[in-house]
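J.: Please build the complex by placing chain B on the supplied structure of chain A, with the hints as guidance.
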Amino acid sequence: MYLTKEEELILAGEYGYALQKAMEILVALGEIYGADRLIPIKSAQVAGVSYKNIGEAGIGFLCDFVEAGAKVSVYTTLNPAGIGDDEFMEKQEEVLNLYREMGIEVTSTCTPYYGANLPKFGDHIAWSESSAVVFANSVIGARTNREGGPSSLASAIVGKTPNYGLHLEENRKATVIVDVQAKVKTFVDYAALGYHLGRTLGNDVPYLRGTQPEKTEFLKEMGAAMAASGSIALYHVEGETPEYRGAIDDNLETITVEEGDIKAVKEQFSDDWDGIDMILIGCPHASLQEVKEIAELLRMRGRPLRVPLFITASRAVKALADALGYTEIIERYNGRIIADSCFVVSPIKGWYRGIATNSGKSAFYFRSFGFNVRLDDAENLIKEAP
Amino acid sequence: MKLKGRKIVGGKAEGELIVSQKPLSFLGGVDPETGIVTDAESDIRGQIIAGKILAFPRGKGSTVGSYVIYALKKNGKAPKAIIVGEAETIVATGAIISEIPMVDGIDVSKLRSGVKVKVDADRGEVEVHESGE
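In order, the protein sequences belong to chains A and B.
Sequential numbering from 1 applies to the first sequence in the numbering used here.
Sequential numbering from 1 applies to the second sequence in the numbering used here.
Just chain A, same shape as in the assembly (with noise of 0.2 Å):
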């Protein structure tokens, strides 16, 4: 791989350990995965942020890595944070901190594009986070690997990538045509689709014709879903997303997805609300857009709900939803918004038996938690929960 004079001089140390470190990651990545050279990223998302993902190893870390000076140099966001005991939360505080001192802005979201971190089309970004990975290639167009935590922190540092898999045009093209023939028309529909393709083809770059997604939340759904299931990091979808035309080539294999395929990801799901304690909506954190239309199914239901809700939100949503007023509307029907936190990075094992949400992508990491889980539309289950 080519190094500048500059790179190899932070390589050798020069500019101090931190930076050092951080560029070997880098040099080794761009080694293993054939990169030519570094390249300036835009902007990074750093995941490894709850304390139940990261522990006392990840603090240890840290804790190191900003002793020794290290500073982000470009604009980076971090990932959700747990919620636990006070304890937990004390730990959670710790992590945050050490974000914070290395310039980072510690707001704690899957959805960045919906507040502090929107890139463009054609930006290069080290992003971590699969469900953000997947949004920002498909549905903005920008160019992102699937980082993980301790990459997507090199590259803030270095504040470049190494310029191999999805930063390259020829990655980017499908490698399969999804001809879905069944009726995907709702959220759910979307989830749904998602959880299938992930799991039906690992990570490869599905292009989707025969659908016509009616809001930017069936898409980051849709996506999310895919990266849960499987590893999928990009999608095309016929005449909707930036890239789709001229991404695909002859000879590519075409598989179909049926009404049957849709139905068993939903049967999958579909235990009874005797074994259900919770609802969560927001997996990825929700839009305003979701947050008004809860606020609205609410009051037509008209009656507080027994089953506490739960909607996971950035800081940034949160803050509309609270100064426009829906946060008012649906705290008084026993729902609560939770800012820049994450249930599935939570210690939540034994905290509750079984959820209902309307995210394939939850769906997927609460069943693998041994939890009961309920799959369907928002609409459905606050007119049908108890």
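Mixed in with the good hints, there may be bad ones.
Residues of chain B clear of chain A, computed beta-carbon distances all greater than 10 Å [claimed, not checked]:
(1) Lys12
(2) Pro23
(3) Ala40
(4) Gly76
(5) Ala92
(6) Ile97
(7) Ser109
(8) Lys110
(9) Arg112
(10) Ser113
(11) Glu125
(12) Glu127
Which stretches of chain B does chain A cover? Using the computed rule of at least three CB atoms under 8 Å from a CB of chain A, they are [to be verified]:
(13) 65-74
(14) 80-90
Hints are computed from structural coordinates only; laboratory data are not their basis.
Since the model is a prediction, treat every value here as computed from it, not as a measurement.
Virtual Cβ for every residue (Gly too), placed ideally from N, Cα, C.
T.: Just chain B now, with coordinates in the frame of chain A:
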């Protein structure tokens, strides 16, 4: 027997091999306090990697696994060197920040636990001492 691979992290080490023929997850798969493998799917579950030369086909699981490797090092429970079939982000990053010599491109199926090896990561070489040598 001398096997030729590629340097991921430079350095030299000598010691006893512990070999897994399955991909290894460090987060939730290796206890950073003891260096004992806890990964339920691992064929070296219950064994200690501390102070050994650890060989396995590739890493898997969460990228936080890199920090687990770092914690192993800080706790004095890290392997002396890492040999993999195919390097990927998690283990490579972990080895870099922990300064553990690492080589990839080695056919791990040729290696057996308990055998003494010499790793020269700078040259990407693994020298396997025949048993009894």
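J.: For each hint, tell me whether it holds in the structure or not.
T.: Each hint tested on the structure:
In this structure Lys12(B) is separated from chain A by more than 10 Å, as the shortest Cβ-Cβ distance comes to about 18 Å. Distance check on Pro23(B): its Cβ is at least 14 Å (rounded) from any Cβ of chain A, clearing the 10 Å threshold; non-interface status holds. With a closest Cβ-Cβ approach of about 14 Å to chain A, Ala40(B) is found to remain outside the 10 Å limit, as its non-interface label requires. Gly76(B), annotated as away from the interface, keeps every beta carbon of chain A farther than 10 Å; the closest lies near 13 Å.
The claim that Ala92(B) is not at the interface with chain A is violated, since a C-beta of that chain comes within 10 Å of its own (minimum 5 Å). For Ile97(B), the non-interface assignment is contradicted: its Cβ lies about 6 Å from the closest Cβ of chain A, within the 10 Å cut-off. Interface exclusion of Ser109(B) from chain A stands, the closest Cβ pair being 21 Å apart, more than 10 Å. With 10 Å as the threshold on Cβ separation, the claim that Lys110(B) sits away from chain A holds: the shortest Cβ distance comes to roughly 21 Å.
Consistency note on Arg112(B): stated as away from chain A, and its beta-carbon is indeed over 10 Å from all of that chain's, at 26 Å minimum. Every CB of chain A lies more than 10 Å from the CB of Ser113(B), the least distance being 25 Å, so the non-interface label holds. At the 10 Å boundary, the C-beta of Glu125(B) stays outside the reach of chain A, the nearest C-beta of that chain being 17 Å off. No beta-carbon of chain A is positioned within 10 Å of the beta-carbon of Glu127(B); the least distance is around 23 Å.
A count of 6 residues in the segment 65-74 of chain B with a Cβ less than 8 Å from any Cβ of chain A is obtained; the coverage claim is therefore met, three being the minimum. Here the segment 80-90 of chain B counts 4 residues with a CB under 8 Å from a CB of chain A, which clears the bar of 3, and the coverage holds.
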